[in-house]
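> Residues per chain are reported as follows:
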Amino acid sequence: MALSGLEIFKLLPKTNCKECGVPTCMAFAMKLAQKKADLGECPHASEEARAALGAASKPPIRLVKIGVGARALEVGNETVMFRHEKTFFHQTGLAIRLNASEDEETLVSKIREIENYTVDRVGEQLKADLLFLSQDEAGKDAFLKLIGFAKEHSTKGVILDSRDRESLTAGLEILKADRPAVFLSGDVSDGDFELAKNRSVSLIITGESFESLESRVEKAKKAGIEDLILNLKAPDLGRQFQNNTILRRSALKKNYEPFGYPLLTMVEAENGPDRMAKASVGLCKYASIIVLPRYDKALLYTLFALRQNIFTDPQKPIQVEPKLYSIGDPTPESPVFLTTNFSLTFFLVSGEIENSGTSAHLVVCDCEGQSVLTAWAAGKFTGETIAKFIREIKLEEQVKTRRLIIPGFVSQISGDLEEKLPGWEILVGCQEAADIPSFVKSVSIA
Amino acid sequence: MTVTEINWSEEVVPDSRFTVRFLPFDATVEVASGTTLLDAAVEAGLPVKASCGGRGTCGDCLLSINSGSYRARPSAGLSKNLVAQGYALACTTRVTDNLTVHLPQFQELSIRSVADSGFFNAHKDEVSGYYGPASFSETVADVIPSATDKNIFGIACDVGTTTVVVQLVDLRTGRVLSTASGYNHQLKCGDDIISRIHYAEKPGHLRELNTLIVATINRLIQKNLETIHGTFLDIYYASVSGNTTMTYLLLNMDPGNIRKDPYAVGLNRTRLAVSRNLGLKMNPEAMVLCAPAVGSYVGGDITAGLLCTPLLRDAEKVSLFIDVGTNGELVLGNRDWMVTCACSAGPAFEGSGTKCGMPAAAGAIERIGLDNGSVAYTVIGGGKPKGLCGSGLVDLLSGLFLQGYIDRGGKLSEEKAADRLVETERGGGFLIEKAERSYWEKDLVITENDIANLIRTKGAVFSACSLLLKNVGLAFENLDAVYIAGGFGQYLNIENAISIGLFPDLPRDRFHYLGNSSLLGAYLVLISDKNRDLVNETAGRMTYIELNTEPDYMNEYTGSLFLPHTDMDLFPSVKRIWNQ
Amino acid sequence: MGFEIPIEKNSGKIAEVTIGATSEQGGTRSNTITIGGSTALPFLFFEGEHPNRPALAMEVFDKVPAKYPEALLDYYRDVIDKPADMAKKCVEQYGAELISVRLDETHPEKGDRSADEAADVVRQVLDSVKVPLIITGHSHYEKINVVMKKVCEVTAGENCLINYVETDNYKTIAAACMAYNHSIVAQSPIDVNMAKQLNILLSDMNFPSEKIVIDPLTGALGYGLEYTYSIMERIRNDGLAGDSMLAFPMIINPGYESSRVKEVRVTEEEYPDWGDMELRSAYWETATAMSLLSAGSELIVMYHPKAMETVKKHVDELYSAESGN
Ligand code: SF4
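Chains as they are written, first to last, in my numbering: chain Z, 7 to 452; chain D, 457 to 1036; chain S, 12 to 336.
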């Protein structure tokens, strides 16, 4: 059970010496309770405190890494069933399957295309995380070739899918320094565990039932393997949904150690929309890795957006990049709107400007992701900060309009802003984004 | 005084200029003849409102004219009777002479809670601050004359955003000689803290705010001295408690950082200054001490106020201290730990922010009960009611809710409230008293907007309270005592405050009214250096929580925007009544 | 220690709401649709009952939406301005189980069509299809109150789902629903407390609880979906935990919300990294619907026929676990 702020406080020295970086022991205790600090930061904590807090803080789902360097994927370490309880910490890794039986040229060009595919959304660079290399029906040589291509043309982490130990041994030799994972479908034995010994390799253990999965995990643990990922096979989406929930709940609520590992979900379907449906549900309900059967940009982009939504910290607003945005096809004479860089505010405002049918410029100020009123109250959305930002982005060089439409909620800054932005007329707009279309109609804004 | 009531339509030629002096602010502007008083007031920067937009119908901009002649248009918003008494509406009155004008909303106060220190008097031995014969600190010993035939006075001063109270104390005996209170003259620069901070940003404005607060205090010192026929040279020591912003402004420090960083305070220990540097009307060598602040919005008024409670002494008990003012400040804890936060409650219970609200001064309804269509109330000082003060508003809201005149969201029920439902400039409302029986001879009405405002205010206070408890991991029932400070005084009906969800539903004997604990705290700090040490220590032990960055706060808040709360189970005693 | 499935029993049960009325019940629908009734989190059959499948509706308009996406128009070009025909197509070709009639043109800024005209449109749809109806309004209080009153009157006995009331404007429409025996959508702006408050207000006016559906306000994928998702999970958790004022089925609008976003209307030529537009427009709506289904939605208003087909198929698949493991 997690300890409350007051319970933790009672274990601390109560001297308010501030060495932990916050003003009081109580402040530190509350940070610990919210898991925003580490007991190590208090140099005076007693053994007793360490023991009590240590027991309360062991992560129930293991953190597992695939790949190396900047593109390494970390999954696991989750602590909650629902994102609103805290947050989901490590977003689902997206893997794309490649079959060794395909012809070499296709494989190389696919690997390259996947490697080069990155797309920007709300200031974040999004990309697929892993390659899932399947030996399929192919022989050892073809499989090793595929692994070689991945090594040569891709920086992404790799999962090897094969039951041929010889191929795997050779493949892992190629990927010696790359921290790959191996997908072991079916039963496992000591020979499989040998693969992972003395190498940084994670093993993906599969099961046809909770029981078979559990017994295989136990075997792996007995063999000293700890970097595991679980894949419980399910005949349909309904069973997959239930299985993943049961596994996650066992780990979090029951501290059931055999299932204290991240989960991998396979998406198998004939057509795009079906894949989309299955991947969406997998992403929401506890898949730490999703393996997609093929490379499909539209699907990846949609899934990126969903992943961003589900994995943002619900306690921290998502920010959009503060800059000048074009809505529609604005000319230098088009109207200029102003708002903050809280993503939801931005999306609502830009969406409603678009719905109004007008093309416009939208100045999005840096307000640390706060909404208009919060930012204003915190002094981040004032005449001075806005004027400064407008000079920074050289707005006057980009538009000819000299009239700025500000959110109705901050009408009080208009005088100040007029003063700080000589030559500009400040027009107070509506309060709610939804009213923008009628606002646009009611005034001649240009 | 001559009133010209004829020919409003005939243009007044703006050929000459006159001065208009507004009291009690002592603000003077020069305007062309024919200017309306509303425009003149706006030019003087005074907080005069006109919700009808200056059409002479709402009656918000009422003022009384003490001297000079003017031209007034008769209007629906003002009765003949009041006109005869020298009242006029600023929007329909044109300047044709030098005028002295009084803003009745800001008439000199007798804020009732000032003298109210019932709790303190009854529990002197239990409160945390030392109370006994005055003892001087070494820091002030140098400036205090040793001769025994001389007067040695000190002042305790509570600097509020809206009102300021100054007490003159005999430092030899600790006896309070005189008390005076008045509006903070900074009011013309904005109603609340944020607007003052905002105002201070412009060049020269910090100085202006500083001058205004110094002038306010000086005038009250002067009033006290007049009462006892004393001289300012005998005042050797001042103890000031005020919120963080007011303290900044008194010390002429830029408050700009306050709203940007909750910890950028620089006031977390008591500040000592010399009187002559501040321009206070005291002995030039006198020392001025400001109680320490904990965070941007938890200031010396709170740290000093805690001295008047047993909270700092209790080891096991957990208490909650609530100061409901323009900002609500809360402290939870005991001797070992304290967490504190401020919520922007808004001034609804202080009298502004609602059309029918007013401070707890003469003419205010302080208690009101609704009973099946009839309304019964008591007015401070008797006579016809001018409006409702905080405790009256709490009673009214509770009555409206429990009797079903409004739904739990605060919307008037058309069936139930039918014969008291009226339309006003500010939307539909509930008629409290008819024009002919109210002081301003206008219907006294609480609008749906007013109700929404009151709900927001009580919601802000309650949600701050539940968030503090959650952060340390306690529940409401863990509260052993609740100390209520601020303007409500003991006139607040606790039952009604609970039924609207302002305070948690705890056994009623756990609630204690402190009265003006900020002033009392300043007084305690004034008379003893033990208390000076204690207030410093207290500030050091308090943990400040910034609500705006607390992810759960919004949820707590929206949950509280309902009567008594979205979760009625938090209010079992209200639920029982409601279900009947 | 052997593995045991960790079962969490709930004390609460989501209200069962029936929409539509057959001739025995005083209406003219060929069937009714019942949603809700769950005693566990979505699709968890091992610890509770889910007696009713989430239902899938499609939407028709009294006026062609101003920015209707090209990708959708391809499916509806022949019927988009004929609500009765479009409803028929949605039911017969695309499998809609309910039809939502959106009355945007009654908004004073969008055509100010009269209540009688709106009632006419509803009548036509009622005549052309036999599935239960959802009547969808807008946020212009004065006007929509008049329109909904009229619509409630002319559809008396049909048990339509009147969509929607909000805290600031619920009394008139709720009273009309009670008078003419319709169900209601209680909409609140992505907030658990406000959702609960509105339900309390409705129940305080004795609105029958088996006739309330919550609209938590849908944010499309990429446009606030995460808020809707979490609010729905919280509403459902609280409802199952025994908070009867939150134990109602939930309606979402992936179709309407997705149709308004840029991602369904720009081509691959303009945004090469976003992939094929046809696919993307179906994906966007599918992902919005499927994620919110996972969060507890029971009534889903779709636009895209391909997304509709896909979601329907996967609701069935999610129900395959009904028979147990
Ligand atoms: S370092 Fe330790 S003892 Fe010092 S204030 Fe922080 S928690 Fe308290």
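Think of the hints as simulated: they come from the structure by calculation, not from any bench.
Heads up, some of the hints might be wrong.
Quick list of in silico lysine-lysine cross-link-like pairs, DSSO-like style, CA-CA up to 27 Å [stated by the list, open to error]: (1) Z:Lys41 <-> D:Lys986; (2) S:Lys121 <-> Z:Lys329; (3) D:Lys658 <-> Z:Lys394; (4) S:Lys121 <-> S:Lys78; (5) D:Lys872 <-> S:Lys273; (6) D:Lys867 <-> S:Lys182; (7) Z:Lys16 <-> D:Lys658; (8) Z:Lys92 <-> S:Lys24; (9) D:Lys658 <-> Z:Lys386; (10) S:Lys24 <-> D:Lys1031; (11) Z:Lys16 <-> D:Lys867; (12) D:Lys658 <-> Z:Lys20; (13) Z:Lys447 <-> S:Lys182; (14) Z:Lys24 <-> D:Lys890.
> S:Lys121 and S:Lys78: Cα distance at most 27 Å?
13 Å, holds
> Can you confirm whether the C-alpha distance between Z:Lys16 and D:Lys658 stays at or below 27 Å?
Roughly 47 Å between the alpha carbons, so the hint for Z:Lys16 and D:Lys658 is violated.
> Next pair to validate is Z:Lys24 with D:Lys890; report whether the Cα-Cα distance is within 27 Å.
Distance of about 60 Å is beyond 27 Å: violated.
> Run the distance test for D:Lys867 versus S:Lys182: straight-line Cα separation, threshold 27 Å.
10 Å, holds
> Does S:Lys182 sit within 27 Å of Z:Lys447, going by the straight-line distance between their CA atoms?
30 Å, violated
> CA of Z:Lys41 to CA of D:Lys986, is that 27 Å or under?
39 Å, violated
> Can you confirm whether the C-alpha distance between D:Lys658 and Z:Lys394 stays at or below 27 Å?
Status holds; Cα separation ~16 Å.
> Decide if the proposed pair is consistent with the structure: Z:Lys92 and S:Lys24, CA atoms, cutoff 27 Å inclusive.
26 Å, holds
> Would the hint linking D:Lys872 and S:Lys273 be met if the CA-CA limit is 27 Å?
49 Å, violated
> Holds or violated: Z:Lys16 with D:Lys867, Cα cutoff 27 Å?
46 Å, violated
> Against the 27 Å threshold, does the CA-CA distance of D:Lys658 and Z:Lys386 hold or violate the hint?
16 Å, holds
> Decide if the proposed pair is consistent with the structure: S:Lys24 and D:Lys1031, CA atoms, cutoff 27 Å inclusive.
23 Å, holds
Going down the numbered hints, you'll see the structure goes against 1, 2, 5, 7, 11, 12, 13, 14, while the others check out.
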